[in-house]
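All chains, please: the whole structure from these sequences, using the hints.
Here the protein sequences come in this chain order: A and B. The first sequence begins at 1 in the working numbering and counts up by one. The second sequence begins at 712 in the working numbering and counts up by one.
In case anyone wonders, no lab produced these hints; they're calculated from the structure. Ideal Cβ placement from N, Cα and C applies to all residues, glycine included. Just so you know, not all the hints are guaranteed correct.
Derived contacts from chain A toward chain B, CB cut-off under 7 angstroms, selection only [said to hold, decoys possible]: (1) Pro86; (2) Asp221; (3) Phe244.
Beta-carbon label-pair distances, calculated as ranges [claimed, not checked]: (4) A:Val26 - B:Leu789: 49 to 55 angstroms; (5) A:Glu123 - B:Gln812: 31 to 37 angstroms; (6) B:Gln812 - A:Leu461: 34 to 40 angstroms; (7) B:Pro849 - A:Glu474: 35 to 41 angstroms; (8) B:His844 - A:Ala227: 46 to 52 angstroms; (9) A:Val26 - B:Ala798: 33 to 39 angstroms; (10) A:Ala206 - B:Gly799: 50 to 56 angstroms; (11) B:Pro849 - A:Ala206: 46 to 52 angstroms; (12) A:Glu465 - B:Gly799: 56 to 62 angstroms; (13) B:Ala800 - A:Asn118: 45 to 51 angstroms; (14) B:Pro849 - A:Ser155: 47 to 53 angstroms.
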Amino acid sequence: MELWRRSGGPGGISGSGEQLQRSSAVNRLTFLAGVLLLWALAIFGKLISLQVMQHAKYTAIAKSQQEHRVDIPAPRGTILDRSGQPLAISVPVDSVSVNPQQIASLRVATELLGNTLNLDQRELFARLTWARENHKGFMWVKRRIDPFASDRLKSMHLDWVTFHQESQRHYPKGEVASHVLGAVYKDEEGAGGVERALDKDLRGHAGSERMVMDVKRRGLDSHVESAAQAGEALTLTIDERMQFIAERELKAGVERKHARSGTAIVMNPYNGEILALANYPNFDPNTPPKAGDDPYSRLNLGASVPFEPGSVFKVVTLTAALEKTTMRPDTLVATGGGTLVLPGRVVHESHGGYGTITMSEVLEKSSNIGAILIGARVGRENMYEYARRLGFGQKTGLPLPAESAGKLRPLTAWGTTSLASISMGQEVSVTSVQLARLGCVIANGGMMVKPKLIMKRGDKLEATEAPVRVIQPETAITMRTMMEGVVLRGTGRVHARLDGYTSGGKTGTAQIFDSVSHHYTHNYNASFLGFAPVTNPALVVLVTVHNTSGENGQGADAAAPVWSAIMTEALRMLDVRKDIPESLIAKKPVKVKTGEFDGDIAIADLGEPSIMDGDATVKQLLAEQVKPAAKDPDEIPAPLPLLALATPPPHVSEEPMVPDFRGKSMRDVVEETSAAGLDITIEGSGVARAQLPPPGAPLRRGDKIRIVFTR
Amino acid sequence: MATLATFFKRSDAVAVTMGRPETIRAQSDPFMLRALPNDDIYFYAKKIDNSRVVRQADPAAGSECWSAVGAAGILLLLGASIIAPHAGAVLEGYKLEALRQERVTLINERRDLDVHEAELLSPERLNALATKHGLTSPVGDQVMHFDVPTATDASFASNKVPARNQSVR
Chain A
1 MELWRRSGGP GGISGSGEQL QRSSAVNRLT FLAGVLLLWA LAIFGKLISL QVMQHAKYTA
61 IAKSQQEHRV DIPAPRGTIL DRSGQPLAIS VPVDSVSVNP QQIASLRVAT ELLGNTLNLD
121 QRELFARLTW ARENHKGFMW VKRRIDPFAS DRLKSMHLDW VTFHQESQRH YPKGEVASHV
181 LGAVYKDEEG AGGVERALDK DLRGHAGSER MVMDVKRRGL DSHVESAAQA GEALTLTIDE
241 RMQFIAEREL KAGVERKHAR SGTAIVMNPY NGEILALANY PNFDPNTPPK AGDDPYSRLN
301 LGASVPFEPG SVFKVVTLTA ALEKTTMRPD TLVATGGGTL VLPGRVVHES HGGYGTITMS
361 EVLEKSSNIG AILIGARVGR ENMYEYARRL GFGQKTGLPL PAESAGKLRP LTAWGTTSLA
421 SISMGQEVSV TSVQLARLGC VIANGGMMVK PKLIMKRGDK LEATEAPVRV IQPETAITMR
481 TMMEGVVLRG TGRVHARLDG YTSGGKTGTA QIFDSVSHHY THNYNASFLG FAPVTNPALV
541 VLVTVHNTSG ENGQGADAAA PVWSAIMTEA LRMLDVRKDI PESLIAKKPV KVKTGEFDGD
601 IAIADLGEPS IMDGDATVKQ LLAEQVKPAA KDPDEIPAPL PLLALATPPP HVSEEPMVPD
661 FRGKSMRDVV EETSAAGLDI TIEGSGVARA QLPPPGAPLR RGDKIRIVFT R
Chain B
712 MATLATFFKR SDAVAVTMGR PETIRAQSDP FMLRALPNDD IYFYAKKIDN SRVVRQADPA
772 AGSECWSAVG AAGILLLLGA SIIAPHAGAV LEGYKLEALR QERVTLINER RDLDVHEAEL
832 LSPERLNALA TKHGLTSPVG DQVMHFDVPT ATDASFASNK VPARNQSVR
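Encoded structure:
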């Protein structure tokens, strides 16, 4: 269909009418064009106004509507044990805030939030009311809520509730290594242990980005404003299994002796790596401290609290003697009848007198008079030099806060009997870490290692400081042999022997100084410092049990069993080869008469003021109850146990005897036994070290000789 | 067939429709309603026979047509090539942000799972489980280690058997 507009009717159109019509149409078109032009100009003007004149304003408005600032979380660095097990890890959690001005009904809001977040509704309502009345537009309801509560609250789609992502520190192993790890405050700031000492490394720096969102709040694009910097992961030298064993055994040992506290340290003697650093009592870092908690539970006793070491320090005295005097392990020391007259005072051996004994026996029996006499041979200067050289009176450099340096007075401050006191472990205060380091020096052949707690930062291995030689290797080996004697024949023979391993060590029992009465009490710091195996020590373990009492509260009885349990498990975990068969160790418990180990107690009250006097940290510890100790000085030491390795039974029969294979190579032993027609069982490789039956024992038909070889 | 619209001026119509004075009078009647717009337009069908119209062949028209189509296509492509990247970027932006969000969620989930795994592997828990099942640490003599024969012990190697104890005659 077509539309025809005609100026005339069907019959025709006049010429003047047509012209009139055309001019009218032109006018209308001109008018229309003018209107359109004005309209276009108006639009163009508005565009200029919007896009040019007010560009900044509308860009800002658009940005505020389309773009949102989003925080890029930077979690605190994870702390791992040496096998990669997380000991401390930060997980993202939600925190909840509300805008009180947007809440329609405070009562409904209180009920919803209170039930979901398990809050006291009365208190919450009061807070909400106060915030609304004070025209507050923001109020934290609860921070770091659990994920289930967060999901429940999110499913309610409440407009006035805002979720903020925060981070929460989690310690998945609970109390394990709590003193090493420490804890964090609410804002993940380190509050102790490695968390505090290495807070700067662990703490991440959150970044932010601007995210462009559509009307449905879906992200379109994002621009990073500041990049997030995650905290550095730290890998500790701690082995969580060993740590757990140390804590378990230490707890059992402390509770068994009704002691106040304890410390156990397991160290690699060659590189100073601390495999376990346990303290008791300990704490759960997941739980913030509460009023009424044991204040000592958060104290790292091993690194921060010094104590007088007692007889363990005789190791320093004898080491100095071996290096600075002509004394050898078999040098005789006349300890007399148990009484020693010093300038101005008389010292009594706590357990009778040992008469004239060798230097080895001074260590085995832990003779105080013997140590004093040896110390006198060493001299003040040498004693001080060796105590310093072996790391006492100075911090070890562990990355733990409030590490104590202990106290070793300068020579000028020494009194007339200071040498005597220090020779047997009084008038000097040490930390457990320092003592463990002393054990490392003896075990590794005379090299001073720096205790190491951090194995890796991120993926980068932490450099190990090169050990420094502080004593001659011969001295260290001699000391190892002498300390083995302590376990075989001395104060450690009952509880410090290990099944399948040779071991060496030294017991220590130091009387605790009472800062109130300014006298030494009959409560003890019982210690045992030892290593195993003797020939090639794999580990050094130190155990200290604080505030024991009575005869059973001494190093040999309180600390050595814990040491033995920890060392046995630790060696098994490290798969250290046994160097003696278990059958060669007397399985029967050694009977020890009461008071036998009284000689282990370092005599106090020599007249000099205690080094512990004025120690603020220890004062609190020592303010604990003091129990009277009972001891019977008339008890006679039990006979030494019969050890196949050390004391072969005397030969009285005419029967053929078991040859002595010790020191021979495997080839020689095989050839010799083949020629003699002997039936043998071989274990290990290298050089024959032990055998059963022992050399010289009667050999019966059908007997098998068990020979242990070690390298 | 076509429909032609024709309108008349009233003045012309008077002259033409002289035979209808009543109507004129009636329109001038002040009591009558005014005529509606286009009231004077009417349509009628006019038969047009186009059968004799023959389309004249235009050889250039085809190419012009294709040129126009091509130009339009090119313009379309140009437009598309300008718009498509932007549109694509927007779509990819959606995907990217969704993937980023998913990545963050997965990282968070992995951390949660790490925590859960660490809790399950806690030595304290394992110890409790082991104790519950009657498992204990091996005592002495339960674990025996044997050395692998070295080159110097080659003659002895043949006698070494992977047994608990080794016997040699």
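*Taking the least C-beta to C-beta distance, is aspartate 221 of chain A closer than 7 angstroms to chain B?*
Hint holds; aspartate 221 of chain A Cβ to chain B Cβ min 4 angstroms, cut 7 angstroms.
_Outcome of range test on Cβ distance (proline 849 of chain B, glutamate 474 of chain A; 35 to 41 angstroms)_ = This hint holds: roughly 37 angstroms between Cβ atoms.
*Does the Cβ-Cβ separation between glutamine 812 of chain B and leucine 461 of chain A fall within 34 to 40 angstroms?*
Because 35 angstroms falls inside the window, the suggested range holds.
*Taking the beta carbons of glutamate 123 of chain A and glutamine 812 of chain B, is their distance inside 31 to 37 angstroms?*
At 36 angstroms between Cβs, range holds.
*Interface hint compliance - proline 86 of chain A to chain B, C-beta minimum distance less than 7 angstroms*: 5 angstroms, holds
*Using the beta carbons of alanine 800 of chain B and asparagine 118 of chain A, state whether their distance is inside 45 to 51 angstroms or not.*
46 angstroms, holds
*Distance restraint evaluation - valine 26 of chain A, alanine 798 of chain B, Cβ atoms, bounds 33 to 39 angstroms*: 45 angstroms, violated
*Determine whether the Cβ-Cβ distance between proline 849 of chain B and serine 155 of chain A falls within the hinted range of 47 to 53 angstroms.*
For serine 155 of chain A against proline 849 of chain B, whose Cβ atoms are near 52 angstroms apart, the range 47 to 53 angstroms holds.
*Range hint 50 to 56 angstroms (beta carbons of alanine 206 of chain A and glycine 799 of chain B) holds or violated*: 32 angstroms, violated
*At the C-beta level, are valine 26 of chain A and leucine 789 of chain B separated by a distance inside 49 to 55 angstroms?*
38 angstroms, violated
_Range first: 46 to 52 angstroms. Now tell me if the beta carbons of histidine 844 of chain B and alanine 227 of chain A are that far apart._
With a Cβ separation near 50 angstroms, histidine 844 of chain B and alanine 227 of chain A satisfy 46 to 52 angstroms, so the hint holds.
*Does the CB of phenylalanine 244 of chain A sit less than 7 angstroms away from some CB of chain B?*
4 angstroms, holds
Consistency with the previously given hints fails for numbers 4, 9, 10, ordered from lowest to highest.
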